[in-house]
Amino acid sequence: MDLGIRGKKAIVCASSKGLGKGCAMALAEAGCDIVINGRNAELVAKTAAELRERFDVTVTEVVGDVSKPDVQKALLAACREPDILVNNNGGPPLRDFRELDRAKILEGVTQNMVTPIELVQAVLDGMAKRGFGRIVNITSLSVYVPIPGLDLSSGARAGLTSFLAGVARTVIDRNVTINSLLPGKLDTDRLRGPHEAGTVEDPAAAAARKTRISADVPAKRLGTPEEFGQICAFLCSVHAGYLTGQNIPVDGGLYVSAF
Numbered sequence: 001m002d003l004g005i006r007g008k009k010a011i012v013c014a015s016s017k018g019l020g021k022g023c024a025m026a027l028a029e030a031g032c033d034i035v036i037n038g039r040n041a042e043l044v045a046k047t048a049a050e051l052r053e054r055f056d057v058t059v060t061e062v063v064g065d066v067s068k069p070d071v072q073k074a075l076l077a078a079c080r081e082p083d084i085l086v087n088n089n090g091g092p093p094l095r096d097f098r099e100l101d102r103a104k105i106l107e108g109v110t111q112n113m114v115t116p117i118e119l120v121q122a123v124l125d126g127m128a129k130r131g132f133g134r135i136v137n138i139t140s141l142s143v144y145v146p147i148p149g150l151d152l153s154s155g156a157r158a159g160l161t162s163f164l165a166g167v168a169r170t171v172i173d174r175n176v177t178i179n180s181l182l183p184g185k186l187d188t189d190r191l192r193g194p195h196e197a198g199t200v201e202d203p204a205a206a207a208a209r210k211t212r213i214s215a216d217v218p219a220k221r222l223g224t225p226e227e228f229g230q231i232c233a234f235l236c237s238v239h240a241g242y243l244t245g246q247n248i249p250v251d252g253g254l255y256v257s258a259f
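The numbering used here applies: residue 1 is where the sequence shown begins, and numbers increase by one.
Derived from the structure by calculation, the hints contain no laboratory data. The beta carbon of each residue, even a glycine, is placed where N, CA and C say it ideally should be. Be a bit skeptical, because a hint or two may be false.
Derived Cβ-Cβ restraints for the label pairs, each shown as a range [as the list claims (entries may be wrong)]: (1) K129 with A258: 35 to 45 Å; (2) P203 with G131: 19 to 29 Å; (3) G7 with T199: 32 to 42 Å; (4) T110 with G149: 16 to 26 Å; (5) T170 with P203: 45 to 55 Å; (6) L94 with H239: 14 to 24 Å; (7) R95 with R221: 23 to 33 Å; (8) K220 with G126: 18 to 28 Å; (9) K104 with P146: 34 to 44 Å; (10) T170 with R221: 36 to 46 Å; (11) H239 with G166: 23 to 33 Å; (12) K129 with L100: 34 to 44 Å; (13) G131 with K220: 42 to 52 Å.
With a straight-line cut-off of 25 Å between C-alpha atoms, the simulated SDA-like cross-links for lysine to any residue are [said to hold, decoys possible]: (14) K17 with L222; (15) K220 with N247; (16) K46 with M1; (17) K9 with N247; (18) K220 with A206; (19) K210 with T188; (20) K9 with E42; (21) K104 with S162.
I would like the entire structure built from these sequences, with the hints used as guidance.
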């Protein structure tokens, strides 16, 4: 399917690896010029080179934590009139809520609620004026299914969801949509657990780990960043202009609900 977005400009936050990289890859495959971002300069450069080589699109690198105002400014300077914004950021680590102090709570809310709202504020009116905009927020299935120990992540992302639900309805008449993707168990470093950067997991141990983690998933497997990215790219396409304010689980059927 031709997504109709060749030549569009996209900012993809936290996109040097994992789900963000999957989204950047899919958008580049659709012909978008990409601004990628990550905290590790080496990883950002590696991903940028891969995008350029595979898809022959313009790729701009912005290194840094997207929750920092100067990094946000750099992203917006690198792409002054974005057509697409994919909001993404790492979540707070697994931690008993009793261990959270005010500083940790504010940091988590800043990373997973305030930051994407700030970026939406920065790009929304321009998109509406130009008559095209697609905003996709990568949140978490924990918005629907709270996970003990990830209370801060769940709360911040649920706040973002509710905040943007009303905003989404104010701009769809100008062909701007805002939707969220809620990843369940996808095969990223976050599910691998703590490990030294650059280490290669033993194939047998990896297979056993994935089988164990996906046992309760109806699909009986972990999702991949690549297929997640393709769903994101469709939401950013010209074909998804009548879909807004939605929260779409990408979870292999793990979230059980008829509605």
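Review point. Hey, K9 versus N247, does the alpha-carbon distance stay inside 25 Å?
Key: Answer holds: K9 to N247 is near 23 Å, not above 25 Å.
Review point. Is the hinted range of 36 to 46 Å satisfied by the C-beta distance from T170 to R221?
Key: Holds, at about 39 Å.
Point to revise | CB-CB spacing for T199 and G7 relative to the 32 to 42 Å hint | key: holds (39 Å)
Check your understanding: Could one say that the CB atoms of H239 and G166 fall in the range 23 to 33 Å?
Key -> 25 Å Cβ-Cβ, so the 23 to 33 Å window holds.
Review point. Holds or violated: 14 to 24 Å for the Cβ distance of L94 and H239?
Key: violated (38 Å)
Check your understanding: Lying within 42 to 52 Å: is that true of the beta-carbon distance G131 to K220?
Key -> holds (43 Å)
Point to revise | Hint consistency between K210 and T188 [alpha-carbon to alpha-carbon, up to 25 Å] | key: holds (11 Å)
Practice item. Given the hint of 45 to 55 Å, check if T170 and P203 actually sit that far apart at their C-beta atoms. Key: At roughly 50 Å between Cβ atoms, P203 and T170 fall inside 45 to 55 Å, so the hint holds.
Check your understanding: Using the C-beta atoms of T110 and G149, is the stated range 16 to 26 Å upheld?
Key -> Holds - the Cβ-Cβ distance for T110 and G149, about 20 Å, lies within 16 to 26 Å.
Practice item. Starting from K9, check that the Cα of E42 is at most 25 Å away, please. Key: Satisfied, since the Cα-Cα distance of roughly 23 Å is no more than 25 Å.
Practice item. For the pair supplied as a hint, K220 and N247, confirm whether the alpha-carbon distance does not exceed 25 Å. Key: holds (23 Å)
Review point. Should the hint that K129 and A258 are 35 to 45 Å apart at their CB atoms be regarded as holding?
Key: holds (40 Å)
In summary, the numbered hints that this structure violates are 2, 6, 8, 9, 16.
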